[in-house]
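There are 2 protein chains.
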Amino acid sequence: MIQAIEAALVDRSGRLARWTGDDAAVVRARPIAVTSIDAIVDGVHFTRSTHSPAHIGHRALATALSDLAAMGADPGEAYISLVCPPTFDDALELVGGMERLAERFATTIAGGDVVRGPTLTLTAAVTGWAEREDELVGRDGARPGDLVGVTGELGGSEAGRELLKRDQREPAALVHRHLCPQPRLAEGRALAAAGATAMIDVSDGLATDARHLAERSGARLEIRLRDLPLAPGLEPLALADGRDPYQLAAIGGDDYELLVTVPPAVRERAERATGATGVPLTWIGEVTAGDDLDLLAADGRTVTGLSGWEH
Amino acid sequence: MIQAIEAALVDRSGRLARWTGDDAAVVRARPIAVTSIDAIVDGVHFTRSTHSPAHIGHRALATALSDLAAMGADPGEAYISLVCPPTFDDALELVGGMERLAERFATTIAGGDVVRGPTLTLTAAVTGWAEREDELVGRDGARPGDLVGVTGELGGSEAGRELLKRDQREPAALVHRHLCPQPRLAEGRALAAAGATAMIDVSDGLATDARHLAERSGARLEIRLRDLPLAPGLEPLALADGRDPYQLAAIGGDDYELLVTVPPAVRERAERATGATGVPLTWIGEVTAGDDLDLLAADGRTVTGLSGWEH
Chain A
0 MIQAIEAALV DRSGRLARWT GDDAAVVRAR PIAVTSIDAI VDGVHFTRST HSPAHIGHRA
60 LATALSDLAA MGADPGEAYI SLVCPPTFDD ALELVGGMER LAERFATTIA GGDVVRGPTL
120 TLTAAVTGWA EREDELVGRD GARPGDLVGV TGELGGSEAG RELLKRDQRE PAALVHRHLC
180 PQPRLAEGRA LAAAGATAMI DVSDGLATDA RHLAERSGAR LEIRLRDLPL APGLEPLALA
240 DGRDPYQLAA IGGDDYELLV TVPPAVRERA ERATGATGVP LTWIGEVTAG DDLDLLAADG
300 RTVTGLSGWE H
Chain B
0 MIQAIEAALV DRSGRLARWT GDDAAVVRAR PIAVTSIDAI VDGVHFTRST HSPAHIGHRA
60 LATALSDLAA MGADPGEAYI SLVCPPTFDD ALELVGGMER LAERFATTIA GGDVVRGPTL
120 TLTAAVTGWA EREDELVGRD GARPGDLVGV TGELGGSEAG RELLKRDQRE PAALVHRHLC
180 PQPRLAEGRA LAAAGATAMI DVSDGLATDA RHLAERSGAR LEIRLRDLPL APGLEPLALA
240 DGRDPYQLAA IGGDDYELLV TVPPAVRERA ERATGATGVP LTWIGEVTAG DDLDLLAADG
300 RTVTGLSGWE H
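Going line by line, the protein sequences match chains A and B.
Just so you know, we're using numbering that gives the first Met the number 0 here: the first sequence kicks off at 0 and counts up by one.
Just so you know, we're using numbering that gives the first Met the number 0 here: the second sequence kicks off at 0 and counts up by one.
The shape of chain A in the complex, shown without the other chains (with noise of 0.2 angstroms):
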């Protein structure tokens, strides 16, 4: 299986000079090594009844791709591990899944192990590249008066997730967006170019990333609930349930979104770096002095105890 997999992947990056079949890769790096790894489990982070082989490497990879966008990072090369029961025998098709998904962000799956366990579990350590500290942006950059923005569109991922709980498919684009995750990393590349003092990728939900954000920045993050992009067709799910569809945009996981801070100067070149790509940029919010996060209504009271979909 090792071999069959081995065969399926391609080196898209031209630094590789020796990968499969050593015991490690070996790639002529670039100044600047940017590295991060993500697990999802079986009947934690997917089920097998609702997502394919195919989607279940095409997340894994999306995941950890995701924290490469959002320090500005290039792709470089992914690393799998793959723990597979025996039962499972569909790898050929979830390395599929996750091979052409790198190819659409120019990743190449350098290097992997595959071993025996009771629980399909799919971990992925990805290295970015970048040729100085500076091109990169972290957590901790967000200072008073800068603007908040966020990429795209929130909320899709848990509304497809709770579809797909209810057995059902449409509409097609929240299932979709929950299926498969894109990660931003042409956005998180372009928004550090154009001077971006902090990012964060939107995955246990804005809410809670954005407090991560405020907490590494030492400031306050003011957004504006009525101002987060809502994906398109969560508004009549949330309505029809009785819920609000921006409490659902605030927290729902798994978006993949970018949360960004810019300084208002640098407002117009931040819209037209993620113009360029086709991803809007929505301003949520601004930074504040302070701490923490605050959630504004529409008539500026704070909202607390937000309320989304029973897991």
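Hints in this document: simulated from the structure, not taken from any laboratory.
In this text, a Cβ means the ideal position worked out from N, Cα and C, and glycines have one as well.
There may be inaccurate statements among the hints.
[What the hints assert, rightly or not] The calculated label-pair distances, taken between Cβ atoms and stated as ranges, are:
id, chain 1, residue 1, chain 2, residue 2, range
1, A, 46, B, 263, 51 to 61 angstroms
2, A, 105, B, 169, 52 to 62 angstroms
3, A, 46, B, 268, 35 to 45 angstroms
4, B, 6, A, 99, 33 to 43 angstroms
5, B, 30, A, 139, 24 to 34 angstroms
6, B, 13, A, 277, 35 to 45 angstroms
7, A, 6, B, 235, 43 to 53 angstroms
8, B, 46, A, 139, 39 to 49 angstroms
9, A, 3, B, 308, 47 to 57 angstroms
Given chain A's structure and the hints, the job is docking chain B onto it.
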């Protein structure tokens, strides 16, 4: 818990620009990156009844570092993914075991991920470094006429596993050998510098790994069974069970010694290289034209159908 883990980590490389608290770790690279990933799973690679959390952490990092040793790379950074059952509350002890090994081998645990899941699973991706590609050694360079050597001792880990299965803790050296494998990083670098033509770490058992090396090199390895360096204590244990200790040494896994080939002209240089680290290098055979592995008995006949302890 993640914060407590992060507080236990130490930057040993001086190359880290960003690490804990951001989306990804940022490392100032050396010219050549060498990366491997390995997972270990509860009930497959260890059991909670015989392995303490510290042993589990040690094992995951040791097996990954062993791959860097087999390339002759300098150790660098490790990225850890931990899948924790809700009942597992020893993550800090596990990281402690890993961190102690990391300290011994100048490795920095630079990033990680902790998620919930039903089966305790620990994945380590490690990156080592080199200045030039030709400092590294693959599996593919063995040539007819080369000598075949192996570091340290064989069969000890398998004997330790067998003892633990019987609820025995003596001989302690064999049990320790199983619970605390040591990656041969200094030996790997020294052998690479001395002119080794091919290397592989002995993780699946000498016979299996020798086959991998032979296949990749397009050559034949003739190995004299009676010259295998037995782990002290293995022989009496094997004989008491009516087993051949040399066959056990040839098929026992998880020794993490290095199997190496060197041209005869650099034999003494290779001996001096490992002698400086205190780990013996034993000559066990030679490379000939052909393919596959030939295990030779004392009378020169080929040994087939190796027999070990049943698992």
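Checked hints:
Taken as a hint, the range 51 to 61 angstroms holds for the pair residue 46(A) and residue 263(B), whose Cβ atoms sit roughly 59 angstroms apart. Separated by about 55 angstroms at the C-beta atoms, residue 105(A) and residue 169(B) satisfy the suggested range of 52 to 62 angstroms. The hinted window of 35 to 45 angstroms between residue 46(A) and residue 268(B) is violated, with their beta carbons roughly 57 angstroms apart. Look at residue 6(B) against residue 99(A): about 40 angstroms separates their beta carbons, and that is inside 33 to 43 angstroms.
Take residue 30(B) and residue 139(A): their Cβ atoms lie about 29 angstroms apart, and the range 24 to 34 angstroms holds. Between residue 13(B) and residue 277(A), the C-beta spacing of about 41 angstroms keeps the proposed range 35 to 45 angstroms intact. Checked against the given bound of 43 to 53 angstroms, the beta carbons of residue 6(A) and residue 235(B), roughly 46 angstroms apart, stay inside it. Distance hint for residue 46(B) and residue 139(A): a CB-CB separation of about 42 angstroms, consistent with the stated range 39 to 49 angstroms.
A hinted range of 47 to 57 angstroms is violated for the C-beta pair residue 3(A) and residue 308(B), which are about 31 angstroms apart.
Checked against the numbered hints above, the structure breaks hints 3, 9 and satisfies the rest.
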